[in-house]
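With these hints in hand, go ahead and build the complete structure from the sequences.
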Amino acid sequence: MKNYNLFFLGIFILFSCSNDEEYIYVPTNLDLEIPSNFPELEYDLSKNPLTEEGIALGKKLFYEGRLASDNIISCGFCHEQASAFTHHGHTISHGVDGKTGFRNTQPIQNLAFFTEFTWDGAAIHLDLQPVIPITSEVEMNETIPSVLEKLSSYSEYETLFTNAFGDAEVTSERMLKALSQFMVTMISGDSKYDKVVRNEDDTAFTTLESEGLKIFNNKCATCHSGELFTDKTYRNNGIPYNTKFTEEEGRKRVSGFEADFYKFRVPSLRNIEMSFPYMHDGRFGTLEDVLDFYTDGMTENGGVVDPLLIKNDGSLGIDITTDEKTALLAFLKTLTDNTFLNDERFAEF
Amino acid sequence: MKITKYIAACFIALTITACSSEEEEITGEGNVSLEFDNSYSTSDLLLTTTSYDANETEEVKISKVKYIVSNIRLEDEDGVVFTYPKEDSYFIVTEEDGASQFINLTNVPAGNYTKITFGIGVDKEKYLEGATGQGDFLTLAQDAGMMWSWQAGYKFFVFEGVYTSDETTTETAFAFHMGSHGTALDNYKEVTLDLTNSARVRVDTTPEIHVVADISKVLAGTTSFLLDDAAQIHVDAVKSPQISTNVNGMFTVDHVHN
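Line by line, the protein sequences are chains G and B.
In this text, residue positions in the first sequence follow the numbering used here: the first is 6, and each later residue adds one.
In this text, residue positions in the second sequence follow the numbering used here: the first is 12, and each later residue adds one.
One thing to keep in mind: the hints can contain errors.
Simulated crosslink set (DSSO-like; lysine-lysine; CA at most 30 angstroms straight-line) [what the hints assert, rightly or not]:
1) G:K104 <-> B:K75
2) G:K52 <-> B:K135
3) B:K228 <-> B:K200
4) B:K228 <-> B:K135
5) B:K200 <-> G:K237
6) G:K237 <-> G:K219
It should be emphasised that the hints constitute simulated quantities derived from the structure, not laboratory data.
Right, here's the structure in full:
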């Protein structure tokens, strides 16, 4: 060990002698703060260490309309901070030329704790997820080579890439790493719920919220489990088939398995109060609609409805009384993290 | 202390090599040229203009054949395997682009190689390295149309054209796009081929390994595909792995030039 130190010291001395006049920019490393109640990080930071300059470039790219073919639609266009980075007022989101897909924008939060992304698991690494919206013709309708060419031609990116990666070369690896760095820092773990769990600031649940948590643990937490409020599985929750979007197959689109028809990723419930509308196609406008669906709205939809949602008598649904719904709603609202929703580090302006 | 041991080992190794090379000295590094030559049965593959017989009454005119060749390994006569550096071992072969059909491997240790192994597609290990693992290959693949836009993954094999049959009398489009299915199905497969004669890599000799890919095997391989049953196969849990097997079965080494 000591020998190594001496060895490196030697190298440093050599370099410091020979490179007297050369100025090398060294990005500032940044430690990621992970809430104490959170699980282990899934994202491998050793392959893409966080730096202030990398994150700054990632943020610039996140709000860069020129990643799209019309030079307008940025990531932030559909992922608005105030709505927990979802598309406010849209059931499904629209991309360039007003084209629409068939999915509801998902929140961007705590992605560093996941290994699969989107409603159907079409991306299995955070770095590669942005390839989908950038290249999808109903979203940003671009190609990676064309985006790289555009970015290379803008002088402001010369500085940003140089600061983050040592020189001005624009590559897909650097662009995607910078976007990941920015997204990795987007951690939402400062809601009232978190403060209660961590015994912070003498925060306590109201009686109604406590009651809601109990009901939640009994009736919802099998799927919406853990501190991320999802077990990360794909499930068919008996949502009625949407005849508007006949191309929708759920998880089957990615896996090719019939059994995965109309299965969707169990979404996290963090900031759920703000991330309306709900479900994969944004059909429900309010949380009340969602709870009503789970008590009265489930039906066969051409796939295999999750056995957990089948009652003993064979009918579909979860039994929740009106009072219980009120309590559940109170609890769900404790998952709203205003620190995150107003964090200037993530804001466009 | 340890260094002296290494020096001694090197010295011994050098001495051994020096002794055995009285017949022929095999040292240093050379290059290998790997040619991927697409055929249809016993004929050269021609795009668009030529009709080829497929299964039963079906006839195809092929407009696109592209595949990713990766993770190349060479095995010599003593069973020693040389693995080409992984970060440089991903290539896209396109029928429309003649240059893409010649893969040049550099810095290959001199030796007499008797087997070659390669994969079709991108292995999960590389994919899960994220942006680090893809490097510029991602840009190349997208340029070549070898990435999906609705899924963040590579198309390993692209096969497109039109077909007719007794049942389908007007020319109808077909397309097979095969790749892995997220975490659900890994369709990356490797194939190992014996070389007809050994590829003798030397500092000043670049052998050319001529691989023929018989594209007729895509429809008529281990599994037979009738285009009248399914002309568009993109993500199918049953058929995609079958296509992957057919594709891996289409390669043979025709000959090696030394």
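So if I understand the rule, the pair passes when the alpha-carbon distance is 30 angstroms or less; does K52 (chain G) with K135 (chain B) pass? holds, 16 angstroms
Within a Cα-Cα threshold of 30 angstroms, do K104 (chain G) and K75 (chain B) meet the stated pairing? holds, 28 angstroms
Keeping to a limit of 30 angstroms between CA atoms, is the pair of K237 (chain G) and K219 (chain G) held or broken? holds, 22 angstroms
K228 (chain B) and K135 (chain B): Cα distance at most 30 angstroms? holds, 25 angstroms
Is K228 (chain B) close enough to K200 (chain B), meaning Cα to Cα at most 30 angstroms? With Cα atoms ~16 angstroms apart, K228 (chain B) and K200 (chain B) stay inside 30 angstroms; holds.
When you check the alpha-carbon spacing of K200 (chain B) and K237 (chain G), does it fall within 30 angstroms? OK: K200 (chain B) and K237 (chain G) at ~28 angstroms, within 30 angstroms.
In this structure, none of the earlier numbered hints is contradicted; all agree with it.
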